[in-house]
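> Below, each chain spelled out in residue letters.
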Amino acid sequence: MAPPPPPPPPTHLCDLPDELLQHILDFTPSREAASTSVLSRRWRGLWPTPSGAVILDTRSYGHVGGLGVYNKRRDAFFRGAGEAIAAAHHGSSVRTLAVHVDGGDDPDGVEERFFTYRSDSDWTSTGCGFHSVHDVLRHPSTRGVVELTVAASSSDDLPASAGGGGRIFCDWKKPFEGEEGLYKLRVDAVPSEALRVLHVTNCSGLDGTHHPATAAVLFPCLEVLRLCRCDVSLDSLQDMVVASPRLATLHLERVFIRTKFRRLVSNRYFYQLNWDGDDDDQHEDYDDGRVGTLCCPGVTTLVVLNCSHRDSVTIELDAPMVQVFRYKGYIHRLVLTSPPRDVRRADLHFLERNVYYHTRDLPELFWLFVKNFSNAKVLKLKLDFPIGDIAVDDKKRYDDLMGETLFCNLDLLEMEGQQHRRKRKGAGVAIGNLLQCCPAVRDLRLYLNTVKDPPNKRRYSSHRADSERNRMYLDREARLDFHRSVEHFMRRRDPVLSANKVKVSDIPGLTNKSFLFNCLRFYLIRVTLQFDMDKANCFGVQLVKFFFEKGMVLEEMHIDDGNKKLWDHMHRKIGGSTSSQPCSEFFLGISKALSVNQLNSLNASGRISYPWLQVSRRIPWTTKSSFTILPLDR
Amino acid sequence: MEVDKGKGEAEETRKVAEADRDTVTLKSSDGKLFEVSKEAAARLSTVLAGMIAGGSIDDNGTDLKQIGSEALENVVDYCNKHANSIPSAALISSSISFNTAPFKEPEEWERKFVDRLSHDALFDLVEAANFLGMERLLDVTCHKISEMMKGKSPDQIREVFNIKNDYTKEELEEIRQELAWAFYDD
Numbered sequence: 001m002a003p004p005p006p007p008p009p010p011t012h013l014c015d016l017p018d019e020l021l022q023h024i025l026d027f028t029p030s031r032e033a034a035s036t037s038v039l040s041r042r043w044r045g046l047w048p049t050p051s052g053a054v055i056l057d058t059r060s061y062g063h064v065g066g067l068g069v070y071n072k073r074r075d076a077f078f079r080g081a082g083e084a085i086a087a088a089h090h091g092s093s094v095r096t097l098a099v100h101v102d103g104g105d106d107p108d109g110v111e112e113r114f115f116t117y118r119s120d121s122d123w124t125s126t127g128c129g130f131h132s133v134h135d136v137l138r139h140p141s142t143r144g145v146v147e148l149t150v151a152a153s154s155s156d157d158l159p160a161s162a163g164g165g166g167r168i169f170c171d172w173k174k175p176f177e178g179e180e181g182l183y184k185l186r187v188d189a190v191p192s193e194a195l196r197v198l199h200v201t202n203c204s205g206l207d208g209t210h211h212p213a214t215a216a217v218l219f220p221c222l223e224v225l226r227l228c229r230c231d232v233s234l235d236s237l238q239d240m241v242v243a244s245p246r247l248a249t250l251h252l253e254r255v256f257i258r259t260k261f262r263r264l265v266s267n268r269y270f271y272q273l274n275w276d277g278d279d280d281d282q283h284e285d286y287d288d289g290r291v292g293t294l295c296c297p298g299v300t301t302l303v304v305l306n307c308s309h310r311d312s313v314t315i316e317l318d319a320p321m322v323q324v325f326r327y328k329g330y331i332h333r334l335v336l337t338s339p340p341r342d343v344r345r346a347d348l349h350f351l352e353r354n355v356y357y358h359t360r361d362l363p364e365l366f367w368l369f370v371k372n373f374s375n376a377k378v379l380k381l382k383l384d385f386p387i388g389d390i391a392v393d394d395k396k397r398y399d400d401l402m403g404e405t406l407f408c409n410l411d412l413l414e415m416e417g418q419q420h421r422r423k424r425k426g427a428g429v430a431i432g433n434l435l436q437c438c439p440a441v442r443d444l445r446l447y448l449n450t451v452k453d454p455p456n457k458r459r460y461s462s463h464r465a466d467s468e469r470n471r472m473y474l475d476r477e478a479r480l481d482f483h484r485s486v487e488h489f490m491r492r493r494d495p496v497l498s499a500n501k502v503k504v505s506d507i508p509g510l511t512n513k514s515f516l517f518n519c520l521r522f523y524l525i526r527v528t529l530q531f532d533m534d535k536a537n538c539f540g541v542q543l544v545k546f547f548f549e550k551g552m553v554l555e556e557m558h559i560d561d562g563n564k565k566l567w568d569h570m571h572r573k574i575g576g577s578t579s580s581q582p583c584s585e586f587f588l589g590i591s592k593a594l595s596v597n598q599l600n601s602l603n604a605s606g607r608i609s610y611p612w613l614q615v616s617r618r619i620p621w622t623t624k625s626s627f628t629i630l631p632l633d634r
Numbered sequence: 001m002e003v004d005k006g007k008g009e010a011e012e013t014r015k016v017a018e019a020d021r022d023t024v025t026l027k028s029s030d031g032k033l034f035e036v037s038k039e040a041a042a043r044l045s046t047v048l049a050g051m052i053a054g055g056s057i058d059d060n061g062t063d064l065k066q067i068g069s070e071a072l073e074n075v076v077d078y079c080n081k082h083a084n085s086i087p088s089a090a091l092i093s094s095s096i097s098f099n100t101a102p103f104k105e106p107e108e109w110e111r112k113f114v115d116r117l118s119h120d121a122l123f124d125l126v127e128a129a130n131f132l133g134m135e136r137l138l139d140v141t142c143h144k145i146s147e148m149m150k151g152k153s154p155d156q157i158r159e160v161f162n163i164k165n166d167y168t169k170e171e172l173e174e175i176r177q178e179l180a181w182a183f184y185d186d
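As given, the protein sequences belong to chains A and B, one line each in that order.
Residue numbers for the first sequence follow UniProt numbering, beginning at 1 and rising by one.
Residue numbers for the second sequence follow UniProt numbering, beginning at 1 and rising by one.
The hints are simulated quantities; they were obtained by calculation from the structure and are not laboratory data.
Just so we're clear, the structure is a prediction, and the values are computed from it rather than from any experiment.
No incorrect hints appear here.
Short, incomplete list of chain B residues facing chain A, as computed with Cβ under 7 angstroms:
no. : residue
1   : V126
2   : N130
3   : S146
4   : G151
5   : I163
6   : N165
7   : L172
8   : I175
9   : L179
10  : A182
In this text, a Cβ means the ideal position worked out from N, Cα and C, and glycines have one as well.
I would like the entire structure built from these sequences, with the hints used as guidance.
Right, here's the structure in full:
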């Protein structure tokens, strides 16, 4: 490839070629995009762009009419919508359509002013064009839309939602408890012929999904369905999935799944008559203990984040074809009916256990959940509670739970969780349980956040405050620790610690005789450890020792002691003449753990400025006699 | 083997390890060298993927005469961030990503990555991403620029990007008539 001679470096937006400027306009709300044609001659004729993107955003009209004059703004929005769609349709055809309605300080007005559905509204007879977003969606010019986003926001939302061109960015920590959403979306108004991607945000219900009359497929091409911060009924969700035979990705984020069970099967007529109304209370008594199923036969990527439903019911998920699965939520909230056969990757993030569940049940819930993904190649686990809570100490109990299940294909195992300083045995057993069921894991990553001590009584009401306090506490601890460490370093000529007094012990539980670790003998080549270093004989250093002694084929160990500072100090110290009085606890711990007297630290050249340890050991039956310890790159 | 390893020996081991490391060296128009993970480069850039597959990668630095050192540094930075430090979805050992939609909004780290850039650096990066066929980076950077236009009047946009109005009054009036809806109650 012979590149042409270099042009002078562009430093101005107008210097970018047409197609790049148009690519920028494809992310810009249509009103602003259209108005760029008056910027200068350079910008004339760039919009509408060939890609056929139309982004309708009420915030483009935020200044129209002044404060509180909603109707004028609304009319301007719909007029602009009509013109933008007509212009884009004239250019090519509308392929991407995004509608974002911002309710501002009047969230109730979103539904009333922008989403009121009228099946008889006629967009040709009125000069203004549209009366509702549904009219926009039903317009013939939008029939060929491939990607559709419908979103709403209000000033009650978190500020993060202000980002994204018509797409809401949402990240909330706890599951959504329902009773929200700003509008009802009529699914039968959505242009369905060519639609491949549908994103719906902040919606309080999907209506018109179920048509007894039209049994035909509604969305012949739909591949991706993404609901964010919505409140939908299980039935409408199921109808959507059934109506989309090519659906491959189902993404549910902060979705409250509403369940309404029929009183009697024969009472179907009564049920359908009422199914649009807000008649939850009427049915509530009949819901207790019922089981609902969401069946996603063709879905290969399933994302369920912070979703919830009424506690008295159970929702089962049947997704036999799933390959990539991501879950965040309470551990008991999801039941998978059939283990997916071909799952490749699972990311599971379990929130702090719920008030209804005792610690005793937790291991059962955890292992039964995780067992579903025994075919995975990549398994990532994140626990918002101590990892010791999932430990199964009793071999018989473990066998009862797991049976013959082994994660034979698992290549990468990642575990993030808390670890109590005093409860080492539980954490050790938990890690032992994990290693035992993953016989061929090659890459292991453990991220442990040390929590000082388990509180005597869990105060279930104030989880959030607790964790916040913990974090503040840890921050403070880290700072103090840092100062102490710096002080040590400044006075490094003094023998700070006596190396002989420290002994790194084995981890109770992990070195149990009942564990047989196949992976450590033949497969595990890389270990990543992150922990909070408090003293030389801490859990993290014990883990280093454990993997050093038992990992027969280990090649690399990545270690992060919490804040990297110790690495810096260690590096300076070891770089010079070796001393029997190492300057930091970390070095002391590691050297004790590895039972070597001296570590060679190198400063790798180039962009990596961290020290690098080369450690050798004598194990006669392995080919590798040395391996590398690297600081974890964060 | 000795437990106490000599420094020289360890140095040697390091060199071997570096040679094994899967990186590509890229050279900017002003001759600066940058190293980037081969895997990330191939995954994120169609052009680099083609060069790697076609064997036109030079060990002493593949010439990218179109790209200045500042932009190339950002490109390399982006690739390395993608390869190493995505906390939520480390894609290291698996190419399966959750980004199945044509464009999902930028992730948190991508936002931060573009937010710290100056205008000039951002435009240069758009060009570089386009030249290297880096679709995701192009989307993220263009999205950032579009956010700067959002909710602004033409005058404000001109001000932000320092665009000079070279229309005559009559021409301007004509366009405004044509696109009256976009200037409604302006």
